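Chains A and B are the protein sequences, given in the same order. Counting from 1, position 203 in the first sequence corresponds to residue 203 in the numbering used here; the numbering is continuous, with no gaps. Counting from 1, position 278 in the second sequence corresponds to residue 278 in the numbering used here; the numbering is continuous, with no gaps.
Hints in this document: simulated from the structure, not taken from any laboratory. Keep in mind it's a predicted model, so treat the numbers as computed, not measured. We put the beta carbon where it would ideally sit given N, CA and C, even for glycine. You can trust all of the hints, since none of them are fake.
Cut-off 25 Å, straight-line C-alpha distance, at most; resulting in silico cross-link-like pairs (BS3-like, lysine-lysine): (1) A:157 to B:591; (2) A:366 to B:27; (3) B:118 to A:366; (4) B:579 to A:360; (5) B:27 to A:457; (6) B:31 to A:366; (7) B:574 to A:360.
Computed footprint of chain B on chain A; a stretch qualifies when at least three of its residues, placed anywhere within it, have a C-beta under 8 Å from a C-beta of chain B: (8) 160-169; (9) 290-298; (10) 388-395; (11) 399-411.
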Amino acid sequence: MNLSLLIIIPTIFSLLLLFVNGLKQVRTVSLIAAVLQFAISIFLTIQYFTEKTANKAAFLFEQNYQWFKTPNINYHVGVDGVSVAMIALTAFVILAGVLVSWKMEKLNKEFFFLLLFLSIGAYGFFISLDLFTMFFFLEVAVIPKFILIGIWGSGRKEFSAMKLILMLMAGSALIFVGLAGLYFNTSGNGSFDMLKIASDNISPELQRLFFPFVFIGFGIFTALFPFHTWVPDGHSSAPTAASMFLAGISMKLGGYGCLRAATYMMPEGAAFYSDAIIILACIGILYGAFATMMQTDLKYINAYSSVSHNGFVLLGIGLLTKTAITGAVLQMISHGLMTALFFAVIGMIYDRTHTREVVKMSGLLKITPFISSAFVIVGLVSLGLPGFSGFVAEMTVFMGGWQKGSMFYYVATIVACASIVVTAVYILRVIGSVIMGPLKVKGEKQVVYADATWYEKSSIVLLMAGILVVGILPFAVLRLIS
Amino acid sequence: MGGYEHTFWILFLPAISFVLLGLLGRKYFNKSAGLIGVFLLLLTTALSLYNAYQYFFVNGLVDGVYLKIDAFKFTWLTFSPGVSIDMGILLDPISVMMLVVVSSVSLMVHIFSLGYMKGEERFATYYSFLGLFTFAMLGLVVSSNLFQMYMFWELVGISSYLLIGFYFQRPSAVAASKKAFIVTRFADLGFLIGILMLAFYGGSLDFNTIIQHLSAHQSSEYLAATTASFLGVTALTWGLTLVFMGGAGKSAMFPLHVWLPDAMEGPTPVSALIHAATMVVAGVYLVARLFPLYALNGASLEIVLNVGLFTALFAAIIACTQTDIKRVLAYSTMSQIGFMMFALGVSGTQGEQGLGYTASMFHLFTHAFFKSLLFLGAGAVIHFVHSNEMKDMGGLRKWMPLTHVVFLVACLAIAGIPPFAGFFSKEEILLASYNKSLWVYTIALITSGLTAFYMFRLYFSIFWRKEYNGHSHPQEGSMSMKIPLIILAICSALVGFIPFGKFVSVDSQPQETHFHLMFSILPVILGVVGILIALLMYKKENDRPQSMAKAFGSFYRAAKNKFYMDELYLFVTKNIIFKWVGRPSAWFDRKVVDGSMNEIANLTLETSKAIKGMQSGKIQRYAMYFFGGIAFLIILFVYILK
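Sequences and hints are given; from them, build the entire structure.
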């Protein structure tokens, strides 16, 4: 399996987009691209399973080409189970994102172009084994967001776009400092190669010095408290597909980076800061949940709940046990699918009601049963109902936390557990007022909306299928990522 | 284990019903959904009965002990070596018994709903939710693993949520469904932490293994769990108490009971199934499942005893004052579950001392029949009177003779009048508590008298008291509503004669049930007295109830207002959680955390404005910075850092 396909396909198709005109052609080309990516990711997963039984190497399908000779930068790619899972996640979200944007009128060519461009960044990031290549793709995945929010966004879009980009850039700067630190401290001539850095055993002092740079840098991407404030503004202003990408994949770039570039490269550093990470993660989890409780805008609700849910990713990483890290990875997958679905459904509701204020609508189940049921189900995923992915992930983190076996970890786990109650409160409040109750939208009692169209339905079904696979067959997913 | 493969289908059939009707029901089966559901449940019930027959009479009993059989098991999610969630089917006397109870009551409710929910717009959805509930509840009772139980526990909770909120356009139903889920979720938090503790010390999540590890006094796990302590209480006690908290939430034990009366907003057949016969006894079942651990750990068993006893009395008092017939039944359910709970609390682990355990399970069994009958009967009444309030009823015996008779049977059963089912099970509970302490026995006896009173208050108010003069024309329901009532009435009358100790006992060894005639005289007399008082007060319209209420004064008012528990909860959630935690968090986030981020941005902007003059384009200036910088570096490296 040639991993570079993951980059080549979206590149070719995004270039192809430049030569077609009109919404119909544009979206057909994009859909083909998304479906192809999806097929490749599924094929990759299957290939990985078959190959893994024979090949015990840490990374499969490696490719290594020299990129810049002098600073020793290589295009070095390869995957392990975690990256395969992330690639599959990306493919799911991109396909669903293309589907929900089916009726995008405004500057559709540019929109889909940027969407595909984002996917190049995400795939490249997940397959990189060279820290510089990884960083390069990270930036590829950041820049288009600025334009997506600034042009297609809503509300205070310029402000949000600026804020998002500045905070993410600050994160990138921190990451780069940390990566440079690693580069200059490898044995020999300096290298960005992850395998080499990991085997080099950089001295604990240096690890302690550089770990915070990389971790906080990626942490900003994944809403590490107190650097999460770009999340609510950024998400709420972004157009639906961009929100889906932002929360579904972009935040996972952060989690994956925290794990791969920070924790695996600098285990001693991670151990040193473990307690601090746990404390910040727990604050994020509980405080994010409480803050969600008070929101009245659907997108803000999901954005703040993302802060809370991503806290589990950071908590799992901070706990540093095998179980907890597995839980963190599961949570990344779960949250990626769930939040993308949530934003998709919120977008569908907004398209119909033209409001996202919780108090301005109620009883939607009466007229739009499909969308409303999807909303209820995704709410239940969010509050960690068994049978869905969130439950599996959260429980794995809790179990990993408790098994560390000392008072500090007990308290941390209990704090994290307490969020399941708060989550139930805010989710059921929203469902209770938006979906249930007597029908009323902006004071109007006689409203008629069309239920989901085929493309909306297929994006919902697609993401739901992903959630159910993780939720019902976790042992299969676990075989992949452990 | 051979011969028990069919148990898989017991679970699977309701799941099919859920998925099929949930996905396609609205479009294709909106009319036939009920029949599909009933058909699948009929198969499930038949399999459960066959399973019980196989287990109890054919091959479950080996050398005088009922086996624990793992009919099915696979590892679903591994956390760490030894600790994993297994999906399994564990057959032992209580789970086999519960399979019968759950599937048969569910079947009755499925049939009853054919008539009751007829013409409902979301008919198929309703049946699919019933299927989900039945699947989850069956999964709960056969769980072989603590975490598996927790999962089904949550699924049961969500199906309860969906069904309470079934009439989703009614704001009160929405509020009730939220309340039910959140209160039980809060309790489940305790359950979850308890599980984490037990798993940590027990080294496993498997019921049998945990019990084995933590009940052997010499085992290292037991020592670890009893030496570690927090606030002077051992870890084991903490774990068991927290697990019990989950059970108390689901079983509506004080003070986590506030959701149950409101849950009556759901369709009445649902109340019969979920909030009377099956889900609410899950807490009792949980304690019974882990009973060897509770029994060895005196402190946590003491809590079970006291909470159960208090709830039994507390709920019975409130039940005497309510006027909504479903709420009376809800409080009566709470009270009866309190009976089951404290019966476990007074039980020992061996032979005769384990009477409380048998009695508790027996009462659970009989209660399921008569309480679901009461609810379905009440449902039939409500269906035609269109009201839940007692004042809108009265004199219905002439209009609904069948409902009247079956309701009477159920009332006699719950009041403990021989030879109806409740008599036998309650008798055993009283005997067990008598053996334990006089104090427990006295409260149990008083509660039992109160039960008879409030049930007959209900009965007389609905069927006697006055001539019916409402606007609607009450009548008997269709065949589908009558059949379940008749079947359940027969069960309520007869199941008491089952020699329950032969099948279910604390050490899985069949026991003879001794019947103490002398002992049963006092409770029966009390029951009859309760009925007579109700007869005097409510058979004919008179002013005795009012004067009685006056006599009790403020105590009556407090009881009528459910001892202000709802107000207390409202105060805590609204004023404390929302006002003092939620709002400040949101404010803090926007103003302080985000504010400081924005300030940093502003500061950067200001700084760059301030220093942009440096980039002046003048060579001399640049040269000055350049040499100044070099000078600085030289000083830095040569003198300071060396």
